[in-house]
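Enquirer: Sequence:
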Amino acid sequence: MGFASDWLDSTRQILSSAGEFFQNENRRDGFGYPLKFAAFSFLLVGILNSLRTGVLGSGGLTSTAISLVSGIVGGLIGLFLGAAIIHLFVMLLGGENGYRETLAALAYASCISAVASLFLFVPVVGGIVNLVLGIFLIYVEIKGVEYFQGMSTGRAAAAVLLPATVLLLLIIALAFTGMLAMLGAQGQIAGLQGSMPPAP
Numbered sequence: 001m002g003f004a005s006d007w008l009d010s011t012r013q014i015l016s017s018a019g020e021f022f023q024n025e026n027r028r029d030g031f032g033y034p035l036k037f038a039a040f041s042f043l044l045v046g047i048l049n050s051l052r053t054g055v056l057g058s059g060g061l062t063s064t065a066i067s068l069v070s071g072i073v074g075g076l077i078g079l080f081l082g083a084a085i086i087h088l089f090v091m092l093l094g095g096e097n098g099y100r101e102t103l104a105a106l107a108y109a110s111c112i113s114a115v116a117s118l119f120l121f122v123p124v125v126g127g128i129v130n131l132v133l134g135i136f137l138i139y140v141e142i143k144g145v146e147y148f149q150g151m152s153t154g155r156a157a158a159a160v161l162l163p164a165t166v167l168l169l170l171i172i173a174l175a176f177t178g179m180l181a182m183l184g185a186q187g188q189i190a191g192l193q194g195s196m197p198p199a200p
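First residue of the sequence shown: 1, per the working numbering; consecutive thereafter.
Rather than coming from a laboratory, the hints here were simulated on the basis of the structure.
For each residue, glycine too, the CB sits at the ideal point set by N, CA and C.
You may find that some hints are simply not true.
[Stated by the list, open to error] Each pair of labels, with its calculated beta carbon distance range:
| # | residue 1 | residue 2 | range |
| --- | --- | --- | --- |
| 1 | A65 | E96 | 37 to 45 Å |
| 2 | G150 | F31 | 18 to 26 Å |
| 3 | I77 | R27 | 46 to 54 Å |
| 4 | A65 | G154 | 38 to 46 Å |
| 5 | M91 | I128 | 35 to 43 Å |
| 6 | F119 | S67 | 17 to 25 Å |
| 7 | F121 | G150 | 26 to 34 Å |
[Said to hold, decoys possible] The calculated EDC-like cross-link candidates involving lysine to aspartate or glutamate, where the alpha carbons are at most 20 Å apart (straight line), are:
| # | residue 1 | residue 2 |
| --- | --- | --- |
| 8 | K36 | E25 |
| 9 | K36 | D9 |
| 10 | K36 | D6 |
Input sequences plus hints: build the corresponding full structure.
Expert: Structure, rendered in structure tokens:
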């Protein structure tokens with residue numbers, strides 16, 4: 001219960017004052033305590049989602065355990081990849097520390113996902129609260145990067161938001177290119193049909 005109590009206390013601090021939490025938090029090695037913190041967050045997300053959908057326990061203890069472990073592993077893989085991408089921008093924008101600190105910032109922010117899963121039990125209102133918490137999650141990540149990397153708020157915000165912005169622009173560019181290619185192909189087909197001699 002010691003770790004669970006510590007997780008709850010940290011989550012309360014993050015919810016009430018994320019900046020103050022990250023400013024005072026000394027456990028910044030992303031491969032140490034923060035990783036354990038994130039794994040616990042993902043475990044809670046898995047349990048809460050399973051309870052909400054009625055999956056927990058319905059397939060037996062083994063399948064439930066496999067599902068929860070898979071959720072934790074998937075969450076951690078996503079955390080590592082997300083931190084790696086954001087850290088590239090952290091380095092470009094003058095971050096003072098290494099990947100471990102960026103990973104730690106995102107690991108602590110993962111508790112917001114567990115809180116959001118809890119509100120999904122409430123119809124309608126839960127969806128609205130999750131939208132608000134999704135925005136708050138981004139804010140928490142920005143504050144974490146700001147303090148753990150010694151960056152200004154603006155630079156930290158850019159490091160967190162630019163990867164998603166670049167990805168969105170790439171998707172739009174690919175969609176636009178695909179649309180132009182499709183229109184070009186349709187034009188060529190129409191041209192070929194128009195050049196064919198009429199049937200006797």
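Enquirer: Are there hints from earlier that the structure breaks, and if so, what are their numbers?
Expert: 3 and 7
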